[in-house]
Amino acid sequence: NAGVTQTPKFQVLKTGQSMTLQCAQDMNHEYMSWYRQDPGMGLRLIHYSVGAGITDQGEVPNGYNVSRSTTEDFPLRLLSAAPSQTSVYFCASTQWDRNSPLHFGNGTRLTVT
Amino acid sequence: SQELEQSPQSLIVQEGKNLTINCTSSKTLYGLYWYKQKYGEGLIFLMMLQKGGEEKSHEKITAKLDEKKQQSSLHITASQPSHAGIYLCGADNGNKLVFGAGTILRVKS
Chain G
2 NAGVTQTPKF QVLKTGQSMT LQCAQDMNHE YMSWYRQDPG MGLRLIHYSV GAGITDQGEV
62 PNGYNVSRST TEDFPLRLLS AAPSQTSVYF CASTQWDRNS PLHFGNGTRL TVT
Chain F
5 SQELEQSPQS LIVQEGKNLT INCTSSKTLY GLYWYKQKYG EGLIFLMMLQ KGGEEKSHEK
65 ITAKLDEKKQ QSSLHITASQ PSHAGIYLCG ADNGNKLVFG AGTILRVKS
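As given, the protein sequences belong to chains G and F, one line each in that order.
Our numbering puts the first residue of the first sequence at 2, with every later residue one more than the last.
Our numbering puts the first residue of the second sequence at 5, with every later residue one more than the last.
Bear in mind the hints are in silico, worked out from the structure with no lab data behind them.
Watch out, some of these pointers could steer you wrong.
As the list claims (entries may be wrong) - Within a straight-line C-alpha distance of at most 20 Å, the following computed EDC-like cross-link-like pairs (lysine to aspartate or glutamate) qualify:
hint : chain 1 : residue 1 : chain 2 : residue 2
1    : F       : K100      : G       : E73
2    : F       : K55       : G       : D98
3    : F       : K100      : G       : E60
4    : F       : K100      : G       : D98
5    : F       : K68       : F       : D96
6    : G       : K10       : F       : E45
7    : F       : K31       : G       : E60
8    : F       : K40       : F       : E63
9    : F       : K31       : F       : E58
10   : F       : K55       : G       : E60
11   : F       : K72       : G       : D74
To be verified - Covered by chain F, per the in silico footprint, the following chain G stretches (three or more residues, Cβ under 8 Å):
hint : segment
12   : 12-21
13   : 38-51
As the list claims (entries may be wrong) - Here are some chain G residues pointing at chain F (derived, C-beta under 10 Å):
hint : residue
14   : D57
15   : E60
16   : N63
17   : F91
18   : R110
Keep in mind that this is a model prediction, so the values were computed, not measured.
Glycine included, each C-beta is placed from N, C-alpha and C at the ideal position.
Generate the whole structure from the sequences, applying the supplied hints.
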């Protein structure tokens with residue numbers, strides 16, 4: 002099993018550009034989520050999904066969109082990138098049965114200039 | 005919303021020394037997770053605690069969840085360079101897993 006796969010690993014954008022961070026998991030997990038990690042602030046939840054067709058906002062959703070058309074994929078879209086979105090982004094998934102931990106991807110390092 | 009405070013924010017220990025990292029929650033903990041992150045990499049799951057008083061160990065790392073279920077500690081015995089990294093605690097908050105800011109551990113050889 003590949004687990005949680007994130008692409009790309011690195012990305013540089015100019016202010017105002019758009020892009021999609023891809024996340025795919027092959028564990029048939031119902032729950033998927035996106036976090037951003039900034040120095041001194043830990044992981045902050047952006048959006049999450051408890052199943053295909055269902056998404057909800059986390060702590061810091063502004064500037065990001067998500068959709069969940071399949072169980073496997075949970076892309077994160079930046080419609081108009083801003084320097085404040087420079088961060089490391091992690092996708093995670095779990096069965097969410099309160100006995101299963103989150104499985105994390107290796108992250109996408111995004112720089113917005 | 006639930007908040008997790010980790011202490012210390014960072015620490016440097018001599019190889020072979022013991023250390024403890026604490027995670028304090030603003031609300032009762034119903035599930036507490038410990039993760040480790042090496043620099044520039046993803047998070048690796050260490051262990052999960054669910055019941056007050058629960059204690060789990062993996063190799064030289066022991067985690068406890070206190071009776072009042074609002075604090076957890078992670079103890080490393082005889083630290084090694086391989087223990088270096090960022091340790092994060094996470095708590096089950098309904099449909100969300102919230103995290104502390106992390107503790108950076110450096111181990112000097």
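Which numbered hints fail: Violated hints (numbers, rising): 10, 11, 12, 16; every other hint is consistent with the structure.
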